[in-house]
Amino acid sequence: MSFLLLIEQILNGLQFGVMLFLTAAGLTLVFGVMGLINLAHGSLFMIGAFAAAATAAATGSFVLGLAASLAAAAAAGALVEMLVIRRLYNRDHLDQVLATFALILIFSEGTRWLFGSFPLYLNIPLALSGPVTLPGGIEYPLYRLTIIAVGLLIALGLFLLISRTRLGVQIRAGESDREMIAALGIDINRLYTVVFALGAGLAGLAGALVGAIQSVQVGMGEPVLILAFVVIVIGGIGSIKGALIGSVLVGLTDTLGGVLLPETFKLFMDPASATAVGSALASMLIYILMAVVLIVRPTGLYGARA
Amino acid sequence: MMKTKSLLLAATAAAMTAGMALAEPVKVGMITTLSGGGAGLGIDVRDGFMLAVKQAGNPDIEVVIEDDQRKPDIAVQLADRMIQSDDVDILTGIIWSNLAMAVVPSATAQGKFYLSPNAGPSALAGKGCHPNYFNVAWQNDNLHEAAGAYANSAGLKNSFILAPNYPAGQDALAGYKRMYEGELAGEIYTKLGQTDYAAEIAQIRASDADSVFFFLPGGMGISFLKQYADSGVDLPVVGPAFSFDQGILQAVGAAALGVKNTSQWNKDIDNAANKAFVESFEAEYGRLPSLYASQGFDTANLILSAMAKADVKDQDAFREALRAAEFDSVRGEFKFGPNHHPIQDIYVREVVQEGDVFTNKILGVALEDHADAYAGECKM
Chain A
1 MSFLLLIEQI
11 LNGLQFGVML
21 FLTAAGLTLV
31 FGVMGLINLA
41 HGSLFMIGAF
51 AAAATAAATG
61 SFVLGLAASL
71 AAAAAAGALV
81 EMLVIRRLYN
91 RDHLDQVLAT
101 FALILIFSEG
111 TRWLFGSFPL
121 YLNIPLALSG
131 PVTLPGGIEY
141 PLYRLTIIAV
151 GLLIALGLFL
161 LISRTRLGVQ
171 IRAGESDREM
181 IAALGIDINR
191 LYTVVFALGA
201 GLAGLAGALV
211 GAIQSVQVGM
221 GEPVLILAFV
231 VIVIGGIGSI
241 KGALIGSVLV
251 GLTDTLGGVL
261 LPETFKLFMD
271 PASATAVGSA
281 LASMLIYILM
291 AVVLIVRPTG
301 LYGARA
Chain B
1 MMKTKSLLLA
11 ATAAAMTAGM
21 ALAEPVKVGM
31 ITTLSGGGAG
41 LGIDVRDGFM
51 LAVKQAGNPD
61 IEVVIEDDQR
71 KPDIAVQLAD
81 RMIQSDDVDI
91 LTGIIWSNLA
101 MAVVPSATAQ
111 GKFYLSPNAG
121 PSALAGKGCH
131 PNYFNVAWQN
141 DNLHEAAGAY
151 ANSAGLKNSF
161 ILAPNYPAGQ
171 DALAGYKRMY
181 EGELAGEIYT
191 KLGQTDYAAE
201 IAQIRASDAD
211 SVFFFLPGGM
221 GISFLKQYAD
231 SGVDLPVVGP
241 AFSFDQGILQ
251 AVGAAALGVK
261 NTSQWNKDID
271 NAANKAFVES
281 FEAEYGRLPS
291 LYASQGFDTA
301 NLILSAMAKA
311 DVKDQDAFRE
321 ALRAAEFDSV
331 RGEFKFGPNH
341 HPIQDIYVRE
351 VVQEGDVFTN
361 KILGVALEDH
371 ADAYAGECKM
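Protein sequences, first through last, are from chains A and B. Just so you know, this note's numbering puts 26 at position 26 of the first sequence, and the rest follows in order with no gaps. Just so you know, this note's numbering puts 286 at position 286 of the second sequence, and the rest follows in order with no gaps.
These are calculated hints, taken from the structure and not from any lab test. Cβ atoms here follow ideal geometry from the backbone N, Cα and C, with glycine treated the same way. Warning: the hint list may mix true and false statements.
[Claimed, not checked] Quick partial rundown of chain B residues pointing at chain A, CB under 8 Å, derived from the structure:
1) Ser35
2) Gly36
3) Ala56
4) Glu187
5) Ile188
6) Tyr189
7) Lys191
8) Ala198
9) Gln203
10) Gly219
11) Lys226
12) Ser231
13) Gly232
14) Ile248
15) Ala251
Excised from the complex, chain A in its bound form (with noise of 0.2 Å):
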């Protein structure tokens, strides 16, 4: 394998990654601070795409359409935290991975009853379509490398929100002593709602970026939800940076381990065999990376809680 082809690989993994980034770090956000495991994370990606595709067809304009992924993302998650999520709280994380169970199977049919049961149409605006060449004679998507660069201003933004607003001060108390901060006068329902929406927010803009090369259909969310939380225990439970640095290690290793695992088989194998057996293995590599993270790391790399 050429050197080049690596280096688009590698890009190839970052950018899997931050895709992924935007998904964890809503999950890891609500996880930590409201100790909810929240399954219907993955239909709030699907929400944000299902709008993003509705605007985007009606309006002709692919910003509104993010605009739209985003509000429409917040909206749906605020709600549901007032209506569900707030009474789940004080409960067992049985009777919340129930409750959150039974929101995607209502979050699915419903966007299948509004929207039909065919995949809807969006696609990346003319101005971000197409390959770019990169310095070295690489050619590779141009919307990719926005994807990128978005994702990682996203997490920048993140980080500068809850190390250095008033909102972050709160969040992170929140994950420390929720009890103290709410006898020191701050309204936690208040704050559970906006933290809550500001991580559906973030899955719904993940949604509209990615349906944009995907397929926007019912049932979208699920894979994506299954692997952003193998992110947050690779990173660490409530941590910001552990969702990004593990996003990315999940991210590379899945991209890099389907490439190079049947290259490798290759070597002692005849190239059938090889490809069945070394995408097989590719295809466990993140779990596998998830068993060792935790055998060393038992809270994840970034995880402060026991």
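Following the hints, complete the assembly by docking chain B onto the known chain A.
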């Protein structure tokens, strides 16, 4: 008393005017996917099937429809209930090969007919064939074999091939390689349900391939095509119809234009039955039919043709009537091989734009009167 008598009279009159010699009603149990990610396919099969039933206006056919949610365990439960409590005569409807493998062998063993409107796993075409199992669509490998044959005739000599790593994906690559005579520039198994193909597209770019063959059904194909179109790689793409059906094309948009794909059906096949089908489907449901809808439509018409000739309770006679396949298939010529799988023409289509709608048009025949590779292993 008076009322019952007149009702009876009316019923008899209706039966006579409908020309029904055999009054024994037939109960059909349809298990198909109506919710979740793959629902578009099941809905098309159901709508095509019910359109044919409606057009026939035959009061002796009753259809029970249930949603399997694309889950084998639910499909098995539904089949058990339909066989044991609903007492159906014929089962049909299953889309996915893994669900078909869970349901079909036990249903046929319990003396029911199973008519597949879609899934055609090789196990049921070869050693596992059964006198009561008919496949009205295709054996799984067929469309891929046609793609391989088309690649030869188009002069493609170095294909890069990819499919998901699961049984139907392995069948797909095997089917393509069975007919294709050129070299392979690369062979990749992707993950089932994978949505990002950047790594695979980079490998295609780096290889010296002259074409790409892929089997990625449903959402996977949409993702691949959009990303491939945006990558700047412009090698010709060949695939089976599953990534280019009417339900998917609108979501892919211009990225699919010009792609060659293989199918046993298209809306422009020139025969009266097909013209009537396309027109009436569009009038009834407000959308163009897909190949899945055509398969559902043919399945129902096959059942109706057998009902006109034999009583379903007389299994041997009914089986013969099914095997004769004397109905006007929307595919034109249609007959069953010795293993009850179709022998049919498979076409090459090209994705085109008609007004605002993306659809397919036929370029030519890829394989004429094509039978599957497993018929020889079937002993019945």
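Quick rundown of the hints versus the structure:
no.	hint	result
1	Ser35	holds (7 Å)
2	Gly36	holds (6 Å)
3	Ala56	violated (26 Å)
4	Glu187	holds (6 Å)
5	Ile188	holds (7 Å)
6	Tyr189	holds (4 Å)
7	Lys191	holds (5 Å)
8	Ala198	holds (4 Å)
9	Gln203	holds (7 Å)
10	Gly219	holds (4 Å)
11	Lys226	holds (5 Å)
12	Ser231	holds (6 Å)
13	Gly232	holds (4 Å)
14	Ile248	holds (6 Å)
15	Ala251	holds (4 Å)
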